[in-house]
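Trainee: This is what each chain is made of:
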Amino acid sequence: MSVALPTVPVLHSEWIKIRSLRGTLWALIAVFAATVGIQTLTAAAIGDAEAGSMGADPLLAAFYGLTFGQIAALAFGASAFAAEFHHGALRNTLAAVPDRTRFYLSKISMIAVLSLLVGEVAGFVTFVAGQQFMGPYAIELGAEGTVRAIAGCGVYLMLMALLAAGLTAMLRNSAAALAILIPCILILPFVVGEAAGGLVDYMPDQAGQMVMRTHGQGDLGPWTGLGVMALWSAAALVGGWFAIRRRDV
Amino acid sequence: MNRIEIRELTKAYGSTRAVDHLTFDVLPGRVTGFLGPNGAGKSTTMRLLLGLDRPTSGTATIDGRCFADLREPLHHVGALLDAQAAHGGRTARDHLLGLAVSNRLPRRRVEEVLERTGIAAVGGRRVKTFSLGMRQRLGIAAALLGDPGVLLLDEPTNGLDPEGIIWIRELMRDLAAQGRTVLVSSHLMAETSLMADHLVVLGQGRLLADMSMKDFIDAHSTARVRVRTADPARLGAALGREGLELVSGADGCWTVDGASAEHIGGLAAREGIPVLQLVDERASLEQAYLGLTASHAQFTAAAP
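Taken in order, these protein sequences are the chains called B and X.
Heads up, the first sequence is in UniProt numbering, so the first residue is 1 and it goes up one at a time.
Heads up, the second sequence is in UniProt numbering, so the first residue is 1 and it goes up one at a time.
There's no promise every hint is true.
Said to hold, decoys possible - One side only, chain X facing chain B, incomplete, derived with CB under 8 Å:
hint	residue
1	Asp53
2	Leu81
3	Gln84
4	Gly89
5	Leu99
6	Ala142
7	Met213
To be verified - Partner residues are not named here, just some residues of chain X that face chain B (Cβ under 7 Å, in silico):
hint	residue
8	Leu74
9	Ala79
10	Arg90
Said to hold, decoys possible - Residues of chain X placed beyond 10 Å of chain B at every Cβ, according to the derived structure:
hint	residue
11	Glu8
12	Gly58
13	Ala68
Calculated directly from the structure, the hints in this document are not laboratory data.
Ideal Cβ positions, reconstructed from N, Cα and C, are used throughout, including at glycine.
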């Protein structure tokens, strides 16, 4: 049995489908604009006020804009997949690419590649632009952990987009997926806070941000934290794959 | 080539069977009308054929292969399932390009089908600005993209203006004349009778008829003759002796049910009754269809 891997024509088709939808394309642009923009504005406003003004961990603080950029990444992943559930558009797609696994892997790959590319560029520009305003507290590009944090920022944004895409495929609805993800990511860690002990560290966003901390936190190191986040995204993607393979459309 | 084979196809949703042990073939070179009231199982059958829904049992194949096993199906099968299915946010051209590219069809095919379906001028507009008729044309353009040998069209005349309906009728007949297999579903009898050579009729998910248009009409309607005569009283009496009845129709015409023009003509000649006009009245598809579904309804009502 051959595995239905993505093919160049199907990947190309998925690229056309993403770039031809204004909302999806803008969400991708917003990943960059929000992360870099918020970081730069915040750093310019308070960055050199005092040490730790942007957060206790100076390396993580260099990616403060990610708080907003990740929402755009969720919106990108969700809307890129949700277009298939719009008035049964999936029927058109499957009438052209009947192998559902091939279709699913192609779409997911295209979402991954685009969000990773934009994420990596956003990570680099965010760090460099933000540090311009940090005055005496600026971190050198070559300092400990910076390269890992910049690379990790792109992966983090990609994993956010994939988490949303997988959940959208499962629920067949981007609004439902975002209604679950955004509160979980923006609010839950603050509400539950330290009460849950170290468990909050295992939430997808908290775990993933370990890669941008100087030394990780709690049980999780930078890479193990990102690994935990990858498991969350992988779970959503596997769930989405089952849903796409099994259901009538 | 291009033969659609439906074998014992069944799709159950809970205890209801949308499609119930359906078996028929759709052959190339003719337009097959797929008839039945809304909810008869036409769309479900098409979705099963395209592998979009999973059958509860039975098979639906094209040239002996399941649709889902085709690598680049647009070259073999073009389908219009739902004119609303194109995402409103995309331009018509991008919608078609996304489909074409996935099956390695050249970009010029997009322009060709836009031209062929008469929407080339609005190819750069977003689909949400399209009327239902334009969306139907876009759906047909998508079905024609790969120049397929098999076309499955679900209610393609929905929302089309009279000019569009004539256009699609000609298109279907052209495609069939080129040796393609064309399956067109409709619940509109008048439309189907002008388009189809062959009929597959469904009712409540079951096959009610699978025969040529002519045989269907002959089998499911009673013969009727229209006659104009100078002496209706004598003709009526003569018919009465044979157990036939002369019924007064509009504008001085009379009709006789259950008889042929040949029979009435001979009778009138023997009796020396002057006949001014004598025609076999061909029943419409609609009458034949209603005749069939009425008898089917009785059958299902009588069943325990």
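Trainee: A separate judgement is required for each hint: does it hold in the structure or not?
Mentor: Hint by hint, here is what the structure shows:
{"no.": "1", "hint": "Asp53", "in the structure": "holds (4 Å)"}
{"no.": "2", "hint": "Leu81", "in the structure": "holds (5 Å)"}
{"no.": "3", "hint": "Gln84", "in the structure": "holds (4 Å)"}
{"no.": "4", "hint": "Gly89", "in the structure": "holds (5 Å)"}
{"no.": "5", "hint": "Leu99", "in the structure": "holds (5 Å)"}
{"no.": "6", "hint": "Ala142", "in the structure": "holds (7 Å)"}
{"no.": "7", "hint": "Met213", "in the structure": "violated (28 Å)"}
{"no.": "8", "hint": "Leu74", "in the structure": "holds (5 Å)"}
{"no.": "9", "hint": "Ala79", "in the structure": "holds (5 Å)"}
{"no.": "10", "hint": "Arg90", "in the structure": "holds (5 Å)"}
{"no.": "11", "hint": "Glu8", "in the structure": "holds (19 Å)"}
{"no.": "12", "hint": "Gly58", "in the structure": "holds (15 Å)"}
{"no.": "13", "hint": "Ala68", "in the structure": "violated (4 Å)"}
The structure does not agree with the numbered hints 7, 13 stated previously, though it agrees with the rest.
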